[in-house]
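If you read the protein sequences in the order shown, they are chains A and B. Counted from 1, the first sequence has number 41 at position 41 by the numbering used here; the numbering is strictly sequential. So the numbering used here is basically just the index in the second sequence, starting at one, shifted up by 1000.
Because the hints were derived from the structure by calculation, they are not lab data. Hints are supplied without guarantee of correctness; some may be wrong.
Simulated restraints, written as ranges between beta carbons of each label pair [stated by the list, open to error]:
hint : chain 1 : residue 1 : chain 2 : residue 2 : range
1    : A       : K211      : B       : N1005     : 14 to 22 Å
2    : A       : D195      : B       : K1006     : 57 to 65 Å
3    : B       : L1119     : A       : S158      : 40 to 48 Å
4    : B       : D1182     : A       : K197      : 48 to 56 Å
If you want a taste of the chain B side facing chain A, the calculated C-beta under 10 Å gives, among others [stated by the list, open to error]:
hint : residue
5    : L1003
6    : T1007
7    : V1037
8    : G1070
9    : R1081
10   : E1120
11   : Y1145
Think of the CB as a built atom: it goes at the ideal place given N, C-alpha and C, for glycine as much as any other residue.
Here's the letter readout for the chains.
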Amino acid sequence: MADFRESDELKELLASYVFGDLTPEEVAAVNELLATYPELNDEVSRLQKTLALLPLALPETTPSPTLGYQILQAASRTNTDSPTAISNRVSRRTKAWLAAVGSVAASVVVGFGLYTYNLHRELVTAQTELSGYKQAIALLRQPSNRLLTFQGTDLSQSASGSLVIVPKSDVAVLSIQNLATLPQGQIYRLWAVVDNKKVYCGEFNPDSEGKVFMQMPLDDDMTVSSQALITVEPLKRISQPTGKTVMKGSISL
Amino acid sequence: MMLSNKTDTEVFQALRSGNLLALGIFYDRYGEVVHRVALRMLGNVQEAEDLTQEVFLTLWRTGKYDSKRGSMLVFLTTLTRSKAIDRHRQIKAQWQRLQRFSHNAPPENSSNLMDKVSLEEISQRVREALAELPPNQKQILEMSYYDGLSQSEISDNLNMPLGTVKTYKRKGLLYLRQILHDLVE
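Bound-form chain A, shown alone:
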């Protein structure tokens, strides 16, 4: 005898179940079946997902370019129901340090979120969005928000920037202006100076306008360091800086 679980009748019954087309009695009967044969739940799940994929067949739309920005603005005015603590990997020493700067850093979180979010989009066409950028940049540029301030060395005099620690997001944000583009095969690297040792934190290249805006995971070395360097390095990853220092950062808070 054929297995009824493979029968077309059962499949059609489950399809009607997923559509919500069954009478309460039929629903009760299907629920009983699902309890008796739990493997049938997989088929119900597949049918529900198929139905949920249906709207993807709709033609693509173009929501207003500012919609994402508006949503983030609205979200920044409301909190989530369940904010959780900073990741456990942040040490006690770091926490003490973070507590001191927490209130300042928290104030840039919103601006940081909006700004980085918009960078991701590369659709900076609308004027409203542009003004959003400016506000966010202004937030990040407020002197009190700077934790480590960077200045170009003689090799890169016009370059300036800052490293902002954002404990709420568990990231550090590096922002630099007027940094020269490097020839192919070279890259900038950021090093934190900890106990006179240089610890690698991240690498980057500026955009065509000489700007850098990147986030890095919050790292203990980064947070306990009061000095940092940016050097020019070959692409190959070396654990210590070998090239010239183009920028120096020191704590400014």
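Chain A is already provided as a structure; the job is to place chain B on it using the hints.
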């Protein structure tokens, strides 16, 4: 690694910890699809954007998504549809009926659709799958899903026997599930 390169589950963890950037990333990944569903169901650009905002703010405020219960994509399209139905409910009693299957969230499954295939690919697959359906089945599925029509209303509309409508609707879904089997496992 940049948050934007992470899986939905990881980005959702960041969102739960209050990271606004995570919400921006979800909007980048799924905002257009949510808007697509909203526009089709509400038929009005302003309302569609309004609903899109409501959906993402719900995700932000309640953080109810559970990756064990299905992909973020399925969660958001289901939520959008359910909220579109909410908006219509006061106007049209027929939308209540749809609640039954929109609140039926897919059960436990840890697979993450978006980690495997891009949204454009999935959209293309679903379009091709729908194009393979006999036109009647496709039409009945769409009338039921987007317009919230009951089987007997569809029967009246298309001047088609009720039994045939029921059969086409079920067969349409089963056929889609067969074609899209790798996306819904």
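Hints not upheld, ascending by number: Hints 2 and 6 contradicted; others consistent.
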